[in-house]
Every structure is written in structure tokens, then in C-alpha cells.
Amino acid sequence: MEYLFYSLAAVALISGALVVFQTHPLRSALWLIVNFFAVAGLYLLAHAEFIAAIQIIVYAGAIMVLFLFVIMLLNLRQPEEELARPRLGLKIAGITVAVLSAVLIGMGLAKVVLKPVTELPVGLGNTESVARLLFTDYLLPFEVTSVLLLVAIVGSVVLAKAKLR
Amino acid sequence: MPAFNQLHTYLYLAVILFCLGLYGVLSRRNLIAVLISVELMLNAASLNFMAFNRFLAPHPAVGQIVALFIMAVAAAEAAIALSIIVALYRKLKSINIEQANELRG
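For the protein sequence lines, the chains are A and B, in the order given.
The first sequence begins at 1 in the working numbering and counts up by one.
The second sequence begins at 166 in the working numbering and counts up by one.
Possibly wrong hints are sitting among the right ones.
Claimed, not checked - Cβ-to-Cβ under 8 Å is the rule here; a few derived chain B residues that face chain A:
| no. | residue |
| --- | --- |
| 1 | His173 |
| 2 | Leu176 |
| 3 | Ile201 |
| 4 | Glu204 |
| 5 | Val227 |
What the hints assert, rightly or not - Think about it this way: if two alpha-carbon atoms lie no more than 25 Å apart in a straight line, the pair counts; the simulated DSS-like pairs of lysine-lysine are:
| no. | chain 1 | residue 1 | chain 2 | residue 2 |
| --- | --- | --- | --- | --- |
| 6 | A | Lys161 | B | Lys258 |
| 7 | B | Lys256 | A | Lys163 |
| 8 | B | Lys256 | A | Lys161 |
| 9 | B | Lys258 | A | Lys163 |
What the hints contain is simulated information worked out from the structure, not anything from laboratory work.
Even glycine gets a Cβ: it sits at the ideal position worked out from N, Cα and C.
Okay, chain A solo, but in the shape it has when bound:
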């Protein structure tokens, strides 16, 4: 259990770093899929079986396939350009902001004292409790999400259409 957690965390961190340090977006996308699988494993360890499955099916399956389709559709020659003229200032600014915010949030977290529950509630994270909550207390946000997805479908079709008459 312990080794599983640490190896999954290491895979998540290393693949996350590779996502941002690769120059070609295709490689970034593939490493992001590895990262999603590692995080799904962490969800499993945190007793969230349903979300782990959804993470793999929806995120790694659907959303990343969309990314890969667009990357291959555009057939980019961008990476050479990005390698040839590295913007050092941009990288320094990015590293500074990222490290500073990591240190600040980490210091804040170290001060927070949270009392974890000692015993797990019944039915923690199983599909039945997720569904029960989703269709009772969170019914309105759930329906609003479906409208949001409809808007996204229509919007992306309109935006990507070659010519609007």
C-alpha cells in the first residue's frame, strides 16, 4: 500500500514535469495521459473507485483524444521554432512565479492544522453514494452541467466551422 502510493506519486510528479518541459505538444499530451493514469491510481487509494474510472474514461480517453486529434490535424512545425528561439525571460518568469507560489502555498499548508476523521463513513466514495448525492442534493448543478456541455458543443461547432455563410 505504502510503496504503491509513493510510486504512483513519483510517476505523477515526473510525468507532470515532463508535460511542461517537453517542447513538442504531442509528447506533452502523451505524458499528460500517463499523469492522468497515476492520479487515477491515487484516487483508488483514496477510496474513490468511481471517479478513478471516470478519470480514465473521460479524461485520458475522451479529452486527450480530442487534444491529439487537433495536434495531428494542425500538423505543427512549431517545436523547431520554439527550440531555436528560447525565450529565457519567459522561462525565468515562469519558474519564479511557480516556485514562489509553491513555497507560499506550502508554507500556508504547513501551518494549517486539520483534524482528519478517525473512522471512514459508511459507503465512502462508492458509486451508490455518488449517485444518490448527484440526483438529490446536487440535481440542479448536474442539470446546469448538461446545459453547459450543450453550449460547448454548439459553440465549438460554430467556432471551428470554415465559413459562416
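Fit chain B to the known structure of chain A by using the hints.
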């Protein structure tokens, strides 16, 4: 309590993932790479919700519902942003973020 089974371990992991994504958003110049970094940040956020649900647990599934909504919003965001990128590529023949400066005035 072993370190791997604590809330703070999950939170630190999520902080590092989030800041990696932040670095990607700030320093990459390829629009798709920026979008991929945003997905990494959203992923870190839902890892946080999952950890809070597991360790503070106000209800067996509240955090997981939020993670589910994050996934739906991420899907909508990815679809819209990718079609914007396709439209931009048609116009500029490039998805370098520095070429897209038509609103500069």
C-alpha cells in the same frame, strides 16, 4: 499515522502538480501546450477535492461530486478552446501565442 495516509501528503503533491501547470501556462508559447498545462492544473485541483473528501469527509461523496463537475467543465473548456485554436490557425497559419496579437490596438 504513516505519511502516505495523511491529508497533507496529498495536498503537497497537488501543490507541486498545480505549480508545474502554472509554469507551463506562463512559459510555453504553443497555444495547445498552454491548454495542456491548464488541464494539469485542473487535475491537481480535483486531486485536492478527492483528498479532502477522503480525510475530512463531511459526507461520503461530496468531494467526488465536485471532481465530477470539474471534469465536465474541463471537457467543455477543452472543446471550446481547441476550436478557437483551429479557427486561429486558419487565420494566422500558426499557433504561436506571440503571433496572436491582433487585439493589441
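Outcome of the hint check:
no.: 1; hint: His173; in the structure: holds (6 Å)
no.: 2; hint: Leu176; in the structure: holds (5 Å)
no.: 3; hint: Ile201; in the structure: holds (5 Å)
no.: 4; hint: Glu204; in the structure: holds (6 Å)
no.: 5; hint: Val227; in the structure: holds (7 Å)
no.: 6; hint: Lys161(A) / Lys258(B); in the structure: holds (16 Å)
no.: 7; hint: Lys256(B) / Lys163(A); in the structure: holds (12 Å)
no.: 8; hint: Lys256(B) / Lys161(A); in the structure: holds (12 Å)
no.: 9; hint: Lys258(B) / Lys163(A); in the structure: holds (16 Å)
In terms of the numbered hints stated before, the structure departs from none.
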